[in-house]
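Asker: Residues per chain, in single letters:
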Amino acid sequence: MKKFKNLLLGLIGLVIPSLLFSQEIELLGAGATFPYPLYTKMFDVYYKEKGVKINYQSIGSGGGQRQLLSKTVDFGASDAFMSDEQLKNAPGEILHIPICLGAVVLTYNLPESPKLRLTPELIADIFLGKIKKWNDERIKRVNPSFNLPNMEIIVVHRSDGSGTTFIFTDYLSKISEEWKEKVGAGTQVNWPTGIGGKGNEGVAGLVKQIPGSIGYVELIYAIQNELPVGLIMNKSGNFIEPSIESVSASADIELPDDMRVSITNTDAKEGYPISGFTWILVYKEQNYDGRKKEKAEALVKLLWWMTHEGQKYTKPLHYAPLPEKIVKKVEKLIKSITYNGKSILK
Amino acid sequence: MKKQIQKRIIKDKLFKIVIILLSFLSTFPLFFILFYLIKNGVFSLNFEFLINLPKPVGEKGGGIANAIVGTFILIIISSFLSIPIGICVGIYLSENKDKNLSKVINYFVDILQGIPSIVLGIIAYLWIVRPMRHFSALSGGVALAIMMLPVIIKSTEETLNLIPQSLKEAAFSLGAPYYKTILSIVLPAGISGITTGILISISRIAGETAPLLFTAFGNPYMNLNIFKPIESLPHLIYNYAKSPYPEWHQKAWAASFILILIVFTLNFISKLVVKRWKVRF
Amino acid sequence: MINLVSKKEKKKFKKDLVFDILFRNIIFLSGVFIILLLFAIFLTLTFNSFPSLKVFGIKFLYGKTWDPVFNEFGALPFLIGTILTSFLALIISIPFSFSISIFLGEYFREGKISSLLKTLIELLAGIPSIIYGFWGLFVFAPVVRYIQIKLGITPYGVGIFTASIILSIMIIPYSASIGREVIELVPSEIKEAAYSLGATRYEVIKKVILPYARSGILSGIILSLGRALGETMAVTMVVGNSNFIPKNIFSPGNTMASVIANEFAEATGDLYLSALIEIGLILFLVTLIINLIGRYVIRKYAVSL
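Residue numbers (the numbering used here), protein chains in the order written: chain A, 1 to 346; chain B, 1 to 281; chain C, 1 to 305.
Source of the hints: derived by calculation from the structure; they are not laboratory data. As the structure is a computational prediction, the values presented were derived from the model and not from experiment. Every residue, glycine too, gets a C-beta built ideally from N, C-alpha and C. Don't take every hint at face value.
[Unchecked claim] Once the Cα atoms are required to be at most 20 Å apart in a straight line, the calculated EDC-like pairs of lysine to aspartate or glutamate come out as:
1. B:Lys16 to C:Glu9
2. A:Lys50 to A:Glu26
3. A:Lys315 to B:Glu59
[To be verified] To be clear about the criterion: a stretch of chain C counts as covered by chain A if any three or more of its residues have a C-beta under 8 Å from a C-beta of chain A, and this derived list gives those stretches:
4. 67 to 74
5. 79 to 88
[To be verified] Quick list of the computed label-pair ranges, beta carbon to beta carbon:
6. B:Met222 to C:Val5: 57 to 67 Å
7. A:Lys301 to B:Val274: 51 to 61 Å
8. A:Gly129 to C:Ser114: 46 to 56 Å
9. C:Lys59 to A:Lys325: 43 to 53 Å
10. A:Glu85 to C:Leu285: 31 to 41 Å
11. B:Asn52 to A:Lys50: 15 to 25 Å
Let the sequences and hints guide you as you build the complete structure.
Answerer: This is the structure we're talking about:
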């Protein structure tokens, strides 16, 4: 008898705090790991200024898309935009709101950490496994001033699905027919060679520890781990070093209204060729599954803040802010979010 | 003859040395790991670390309070779900040893124990998160509860098996009904073994990350609501270690140290419980 | 009519009867619950694997390519990776767990040294797998890398070998504790009989204790195998995560549990997700079979008193 009474009491004890605390407005988001440092900073500031809690978990771009499609989160975050087919099969129209830009860089572990110059062909061939040694003629030709060692090239890629992978393989598919046919682009691909590290940090960690390795990571991870970064030859033939300026420059081109665009292999003359947007994904019509209007309003206000006042937190964390031209288009997108057909933000 | 005996004696001594050597060699990893944890993590350990909420990168301070609280809440939820059921099944198995159903249940419990934690995470996601359309501490607790069940069931069953029939018979002869006999007499007699089983299963799930990835989900804030996402120590360690920031790495090692401390303390408590509460026959 | 039983007592009997029936039913139902739970898990996994089962069928088990872009999924690399790492870990762990079983079960049954080793092994078992993973990646992998450089092979550091070693450390406590229990249970009469014939300790262990405890030791080994097969976090950090069939012991590879952990959160296509769940199903079935074999072995080789 006593046992049952205790069980009942325990049950009540667990549920009461839950009921008490369910009143505040909280937003749940999930997705890309790349902007995670930026988002945690933004959401922390937002909570202090506006009192709205935002719980963002970096489970990966694919995860962000999937959870938004399952409607288990208020917004998703992804470095890879959803395909036409995915959008067609979605339970509602989904908007892509760009928040900032980032660079995928090539980092490597060589004695004396030279600033290597890499052409698109070199990168493709290395990752296809066709160039196996660092002192290969083809690499030497582009880097005559360096003494390249007779070491095996060990490719490091991502073991988990990722938007970073998407941006990188998207670039490779554009600059190499062979890559496009054999491997293709995606958040997870069938890598012809190499080992996998978990997350950007996993790749950076492996590159840092394995002599002769080369991998791709977001710029911030190379900087924090003090790893050398390669200069990549862009479409216009210039060898560009990844930086906030060169990344922003890559977006300085004509962009579609729905902002679903890949800016790799950019036409911009001074643009870094492996750059990409990171987006926040939301449903255009916010009244689904009994969502309250207050939540929809909170979400839209957050998006507005992130693309305006929030932009000042990008540069200190090595992210590139949205260029002016793009912010104008983004404002239109945000204003088109509706609740019961009526736009939320006037 | 003497030579043969000498050979045998040498073999004997050699064997003993090898056994002792290998046994203690097996414990080396323990010291390596602890050393590494202490070396990397002890500097971040201070009172604020345990009390504060996490801060975004670059800001000083910040702690793991929400993760510690979250871990405890998850433990409470999963214990709540698994202990009553686990003990009941253990009682059934011990009281009905010869029935065919018991053999089947036993086999199924073994299989349950072998299911990888990641698969249980998927199950909890499909059963609770999807229909609820929400990540929650509850779903994480369910995944962990399924992991706790086999250990609790087995230890309850084995403990009750060791209790002599004479105790039960004495109760019956005094007119006690069946349910009272089991609940008020037999069960308390085995409380030390059962509690040990509970504590062991808790220390096992306290360090699990995989089943929480798509269930409890994580939360940068303190959360006491079981229907909302919640942070936990292993999940926080995993996130911080994945990041590019050395400050977060340090915090990950310090948090690992706290986690191991909790697990070892539970182990220690279970030993005390056995010493103090063990009923001798 | 003489009332032998008062009204109060009659009420009490009724109440006791009701509660007795209730109690018996509750514990019976909880037992049934376990059976239902397992079936529910099995059905959920199967049902969610349907899309993948329909498309690939039996080919899934021997397909070598795991390509999410072109939607071609074959689980062979992971099956091989899982089997390799688990069996290797088992083989490496056996001498150690065996030594511990004999140490605690025969040489040092009680006393301070015994408690010390017991505690150390239990602590080893209590370390969360994620910590094994990070330690493996940051401390152990560089050691392996150093060895590889000295041997002149590709210095990955991570790979099948590293994962097997970490795994073996993790499973030692399991087979050790079961082994110890059965060795302790060997009746002293038969041991003393052997000693009285002039056997050395080693000979008693080899010819009397081991054959007697054989089935228990085997069952402990099978339990560790089950644990090794399902271990996720520690393995995924150090196995190299290469979705190809490993060429040799130092190659990177991947296991079933690891690939699920890596790719589940990001799996965008429905077929992709279903293929991952199918791997979960296969893992479930493998564990089931290993357990079956284990029980059969115990029954067959158990030496009865």
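Asker: For each hint, tell me whether it holds in the structure or not.
Answerer: Verification of the supplied hints:
1. B:Lys16 to C:Glu9: Violated - the C-alpha atoms of C:Glu9 and B:Lys16 are around 67 Å apart, more than 20 Å.
2. A:Lys50 to A:Glu26: holds (12 Å)
3. A:Lys315 to B:Glu59: holds (16 Å)
4. 67 to 74: Our answer is that it holds, as 4 residues pass the Cβ test (under 8 Å) against chain A, meeting three.
5. 79 to 88: Coverage by chain A is violated for the stretch 79 to 88 of chain C (0 residues, Cβ < 8 Å).
6. B:Met222 to C:Val5: 57 to 67 Å: Since B:Met222 and C:Val5 have Cβ atoms about 59 Å apart, the given range 57 to 67 Å holds.
7. A:Lys301 to B:Val274: 51 to 61 Å: holds (57 Å)
8. A:Gly129 to C:Ser114: 46 to 56 Å: Roughly 55 Å apart at Cβ, these two residues keep to the hinted range, so it holds.
9. C:Lys59 to A:Lys325: 43 to 53 Å: holds (51 Å)
10. A:Glu85 to C:Leu285: 31 to 41 Å: holds (33 Å)
11. B:Asn52 to A:Lys50: 15 to 25 Å: holds (21 Å)
The structure fails to meet hints 1, 5 from the earlier list, while all remaining hints are met.
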